[in-house]
Structure formats: structure tokens, C-alpha cells
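S.K.: Take the given structure of chain A and dock chain B to it, following the hints.
2 protein chains.
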Amino acid sequence: MKQPSVTIIGSGNVAFHLGLALKESGFTIVQVYGRRMERARWLADKVSAAPADSLSAIHDGADVYFLAVSDDAIASLSQKLKLPGKVVAHTSGSQPTSALQTVSAKTGVFYPLQSFKIGRKVDWTHLPILLTGEEEVLAQLAPLAHALSKHVAVITDAQRSALHLAAVFINNFTNHCFTIAREITDEAQVDFTHLTPLATHTVKQALQHDTRDLQTGPARRKDEQTIHHHLSLLADEPALRAVYESMTRHIQAYYDKA
Amino acid sequence: MKQPSVTIIGSGNVAFHLGLALKESGFTIVQVYGRRMERARWLADKVSAAPADSLSAIHDGADVYFLAVSDDAIASLSQKLKLPGKVVAHTSGSQPTSALQTVSAKTGVFYPLQSFKIGRKVDWTHLPILLTGEEEVLAQLAPLAHALSKHVAVITDAQRSALHLAAVFINNFTNHCFTIAREITDEAQVDFTHLTPLATHTVKQALQHDTRDLQTGPARRKDEQTIHHHLSLLADEPALRAVYESMTRHIQAYYDKA
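Line by line, the protein sequences give chains A and B.
For the first sequence, my numbering assigns the number 1 to the initial residue and increments by one for each residue that follows.
For the second sequence, my numbering assigns the number 1 to the initial residue and increments by one for each residue that follows.
Chain A extracted, bound-state conformation (with noise of 0.2 Å):
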């Protein structure tokens, strides 16, 4: 089977990482279109293809259109584009499929699940792929998941809806439970670094574990004497006292069902 040739539409992070990694897999990218021609050109001289800052230029010479933009454009370019035949593919982790149906009746989904920067390397052997599709779609679309990836899995938009929802917990609040922990050491004047070992212990565990076998802290062992000094320690802060309380309730329910 011939390999699917390719148009980017977008060049921001996921187009940038999505551009490359295909032109490096020995695809040919046809067009990439930017709002700015400076900005499209930018990325179309780095996969050789040929640079387009209006809709109406990106022409039909392409077997499979990735829109990789952020959620705002998807909805916003997909008024205005038309691409009918056209497999066309978003890549956006938390938009349904049927964002793009009135651009082309062959949509699908290619979603990389990892979070972007344009400065730094993308391990693409490892990133899930995650494609939704009809067969007809996904029969296009897989190659070149797979040529880029050993992690593609087919899951439906409510899947990925999920692991989208997922990865907000993962990520985002993880990320920021780090932040907190360190506003509370930098405003008792304690150094950050006494919670290091706890911290590498604690993700190491995560990720070996079942988390629900690693739970242990006050509202795991229902310590309410320690929760109320806690809960005291933040009466300044009701909006982080929000945080610890209904974080320490539903540890606190989720065990008690268990």
C-alpha cells in the first residue's frame, strides 16, 4: 500500500512535534498551514513542504489532514474548512470526533497523549497514540501511528474523553499538589529539599504500585486530630483549605466503600 502523504494544519507544539517525527519516518508532508506565513513557513522549510497561511490555499494533494491546533481553532477553522473526501484527523485530547464532521465525512482522531513543548525531544517510540476512527479512517491513519510509535491503541471518543480527564489528576493536580507543598516550606521559612526523598519515594512507588495498596497520611488512617491541626494550619487560605478538605474526604470515602 502506498504511504499516506500528509498536511499539517497548525504549527504550534503538537504540529511542530507531529511534523517532524512524520518527515523523520520518511512521509511527505505537503502543506503546513500557519495564520502567519512567517510562522508556516518556519515549520514548512524544516519538513519540506510547502507553506500556506489562508484555508483556501490548502489544497486536495494530500491523503490525511491533521488539525493540530489548540481546541478554540478546531471548532473555529472547522466552519470554514472543507476538505470533502478527505480524511482529516484532529489531535486534541479532549474534543469529540464529530468536531470535524463538517469539514470531511472521513474524520478520525490521533491523539498523542503526552503534554508538548517545542524545545524539548519527544520520545515517540513510547507515546501512546490513541486513534478513533471508522475502519476506513483508522486504515489511513494507523500507519502512521505506528510508524512513529509502539504505544497505538483504537478507543472511543468517551475513552479518550476519560483519559483526558485522567491525565488532568495525573498531571496537572500532581504537579500542583509539588506547588503547594512548596508554598507551605518557603512560608515557614523550612527548607524544600527535607521533603526530596519523600517526594522520588513517593512517585517511585506510584508508578510501580497500585496506588490504592500505597495510601497512607491522616485522612487514610481517619486521623481527625490531625486533619483539624492541618485544617487549622490553613484558616488563613480557605481556597487551599478547600483543597485539603475535600482531597482528605474523598480519600476517606473512596476507602470506606472499598
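Just so you know, the hints here were simulated from the structure itself, not pulled from any lab data.
Do not rely on the hints blindly, as some may be mistaken.
[Unchecked claim] Quick list of simulated restraints, FRET-style, between CB atoms:
hint, chain 1, residue 1, chain 2, residue 2, range
1, A, G119, B, W42, 49 to 59 Å
2, A, D45, B, P238, 34 to 44 Å
3, B, D123, A, G119, 57 to 67 Å
4, A, L207, B, K222, 29 to 39 Å
5, B, Q208, A, H126, 11 to 21 Å
6, B, A153, A, D45, 46 to 56 Å
7, A, T200, B, A258, 21 to 31 Å
8, B, H209, A, L207, 14 to 24 Å
9, B, E135, A, I118, 53 to 63 Å
10, B, L55, A, Y255, 48 to 58 Å
Positions of the beta carbon are idealized from the N, C-alpha and C atoms, including for glycine.
M.R.: The following block gives chain B in isolation, referenced to the frame of chain A:
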């Protein structure tokens, strides 16, 4: 200076690991107290000490007395224990030094900041041991701490209290974020391991950088559409919704202020 000798009051996780580590570092363990003789003897045998199962059997033949028991037990044991003139230290992160004031005039805290389990090996060399007490007390605790670990610091009660609270965020709440992510993916019947690379990446970054510079996600971007969508996915789980909402609002307020 003569090496201080030690009596350990307690036979749980911390007592076990502390006793073994002190014994291995060449300190003399005089007695081990446990509520049940069987248990006291078990640990006493391991550290070549005499077992005791009544408080009245604890004699004044040691230099330093460690109260390595649960927070509740610190309060109740302190009522009954009199060791005038002796250095007495507890090992709790959440209790003030004053919890021991009825036991002796020479009180302190010897807080190893790590979560202990009896079956698990502890790397004492890098385990932060955080000391609190007057100079005379620190003179006895410091040689013990330095013999075990390279990471020893003197902190105040308020600083230990802050570290203990911060540890709840770094350890307990981070761990529970992983559990929640697992529940969400289980519920949607999608493979949790799709999130493993993101989790690895998140925790690696969190340990190497200031997490305040790493925060991403809908809360940080103020992407109210995605937040709204996520909250609607959690409509049937008010306790979990409260976690998502409080964490999101705190992230927003935090970066608004910054």
C-alpha cells in the same frame, strides 16, 4: 565524648527501623518497650536489648529515650512515663515538643521524614532527620542523627508542622491523584497504562524543576469550556467533583496572584 546509649519505647514501624539502624551504627540499645511482651521481645532480640512490657520496668540506665509510637500513644504514654533528667524525644512529625513536657525537662523531637514499613528497606544515608530541642538535648540527639544520615537539620516545632502538612500534599494527595486517574480509566474501560509515559514524565519533571514553571492544563489556561466538560463527566460523583473544582480554583487563584 561517650556515645549515648538508647532505650526505645515502641515496637512499630519507626521503632523497628530506628532500633536496627542505631544498633548497626554501633550504639547500645538498653531496653525496648512494647505493650505486648511478645512484640517487645521480638524487637529487643534484634537489637540485643532487654525487653519491657510495662512502663514501670523502664529504668534510667540509658542516656536517650525515644518515644517511637503513634501520635495517640504519645499522649497516653506521656501521662504515665516519668524520666526526670533524661533526654526524651518523640519521632512524630505532627506532635509538638511540648507533648513530652510531663515526662522530663529535657525533651526534643527526632523526626525521620519518610514513610516507614516494616518489610521495606530504608536508605538512612539520605533520609532527612529533623531535630528539635534545646542545645543540651540537641547535643545528645545530633550524634545519633549524624551517625545514621548525611541529611540532618535543626528545625522548630512550627517548621516541622509545616513539613508534615506539605508531606501530606507531596505523598498522600499525589498518591491519591494516581488512584483517581486509575478509577476514571477503569470506569471508562480504557487501559490505565496509556497514562504511564505522562505520569513518568510528570514526576521526573517535578523532581528536577520548580513545579511552578511546569503547570499546564485547563485550570492554568483558564480553559473554562474544558473545565465545564470535565465537571459534567463527574456529575454523578460529588466528592470527586469537589476535588476537581477546589484544585482547579486554587490553581487559578494561585497564578492570578503570581
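S.K.: Each hint needs a verdict: does it hold in this structure or not?
M.R.: Each hint, compared with the structure:
{"no.": "1", "hint": "A/G119 <-> B/W42: 49 to 59 Å", "verdict": "holds, 56 Å"}
{"no.": "2", "hint": "A/D45 <-> B/P238: 34 to 44 Å", "verdict": "violated, 52 Å"}
{"no.": "3", "hint": "B/D123 <-> A/G119: 57 to 67 Å", "verdict": "violated, 34 Å"}
{"no.": "4", "hint": "A/L207 <-> B/K222: 29 to 39 Å", "verdict": "holds, 30 Å"}
{"no.": "5", "hint": "B/Q208 <-> A/H126: 11 to 21 Å", "verdict": "holds, 19 Å"}
{"no.": "6", "hint": "B/A153 <-> A/D45: 46 to 56 Å", "verdict": "holds, 54 Å"}
{"no.": "7", "hint": "A/T200 <-> B/A258: 21 to 31 Å", "verdict": "holds, 26 Å"}
{"no.": "8", "hint": "B/H209 <-> A/L207: 14 to 24 Å", "verdict": "holds, 18 Å"}
{"no.": "9", "hint": "B/E135 <-> A/I118: 53 to 63 Å", "verdict": "holds, 54 Å"}
{"no.": "10", "hint": "B/L55 <-> A/Y255: 48 to 58 Å", "verdict": "violated, 34 Å"}
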